[in-house]
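**Q** Using the sequences and the hints given, assemble the complete structure.
Protein chains: 2
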Amino acid sequence: MHHEPINSIRAEFIEKIGLIAQAEGMPRIAGRVFGLLVFDGQAISFADLAATLQVSRGSISSSVRLLEERGLIKRTAKPGERQDYFQLADNPYATMIDRVTRSLSRAKGEISATIAKLPTTSTDVCDRLCAYADFYGTMAATLQDAFEAPDSDQDA
Amino acid sequence: MHHEPINSIRAEFIEKIGLIAQAEGMPRIAGRVFGLLVFDGQAISFADLAATLQVSRGSISSSVRLLEERGLIKRTAKPGERQDYFQLADNPYATMIDRVTRSLSRAKGEISATIAKLPTTSTDVCDRLCAYADFYGTMAATLQDAFEAPDSDQDA
DNA sequence: AAGTTTGTTCAGTAAATACTGAACAAACTT
DNA sequence: AAGTTTGTTCAGTATTTACTGAACAAACTT
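As they're listed, the protein sequences go chains A and B. Going left to right, the first sequence walks through residues 1 to 156 as this note's numbering numbers them. Going left to right, the second sequence walks through residues 1 to 156 as this note's numbering numbers them.
Source of the hints: derived by calculation from the structure; they are not laboratory data. All the given hints hold, so there is nothing to weed out.
Because identical chains cannot be distinguished in the list, a pair is counted as satisfied if it fits within a single copy or across any two copies.
Derived pair list, reagent style EDC-like, types lysine to aspartate or glutamate, alpha-carbon separation capped at 20 Å:
| id | residue 1 | residue 2 |
| --- | --- | --- |
| 1 | K78 | D40 |
| 2 | K108 | E15 |
| 3 | K74 | D90 |
| 4 | K16 | E110 |
| 5 | K16 | D134 |
| 6 | K78 | D48 |
| 7 | K108 | D40 |
| 8 | K108 | E12 |
| 9 | K16 | D127 |
| 10 | K108 | D124 |
| 11 | K108 | D127 |
| 12 | K117 | D40 |
| 13 | K16 | D40 |
**A** Below, the structure written as structure tokens:
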């Protein structure tokens, strides 16, 4: 049994993350950028990103902007270099969770707003909407809990 | 202060759920159907669905198929009636969570597959990918935990 | 100052997805 | 059997989103 070359492993990984990102509603190229940065671990230049992923500079520009806005990567500079460099943000996963919990809480809030408008007579509607709101609320709370303890992986 | 009519509250709720569903990657009409069924709580006919939501029968057909496949609604019948009726499935939220955890576990699995291919020399790459895989793994495990106890909302 | 490198913007295109509505088949009604 | 009701399918259209690449401005180099 002989081993797959590391570059091919890397390329496959990058594509996988592109697809995962797409499934999560993110543009595929942004996912590829993120995957590349996870794999490499070190800063890569704007031009190298475009060359490695074989996409236009425009796509790199919008992808890194999105990832920066979401706090998943950071733009850095190298002394004597004119290009922008990019690397993973400090705690990208905590930031991702934060985004998810915010979204879940927003959903819960929307439903709760409807509940608040209901006349006191429609108790059954209220019950059903509460169950729905609780669903989002529990998800949000659970995820927040699980990831807010900074660096504990074990369950005690 | 006078109250908003119940029908308007209902219509707004349905639209809200349509948007939430869309944000989660589902067709908007499917979200509206789900929202309507949550609000009403009782079975509604195929034709009434189309009429209430003001969409084509084709759209209802594909929406209810999607929701059925996902186990979120069930198709029922009324004695003496030829139309199909639809109502919420028994535990739609548990089913939703199941779907989410499956998806997260799949992501973790994809990353783990890459980790398994790495040569033993690239320990730093391994570390980063493990952190990434753990992220998905923790999310999946956490959500499963939180929702698997059938009917306990309190934290003890 | 003329020319280069670098990142952004934006108009245009490509691609994916959602929705409609007509055609259809199956089951029922008369 | 002819006609109706009912749900599905599918071709066509609409809509949304992603991506490209040329034009551009800013910063740098000569």
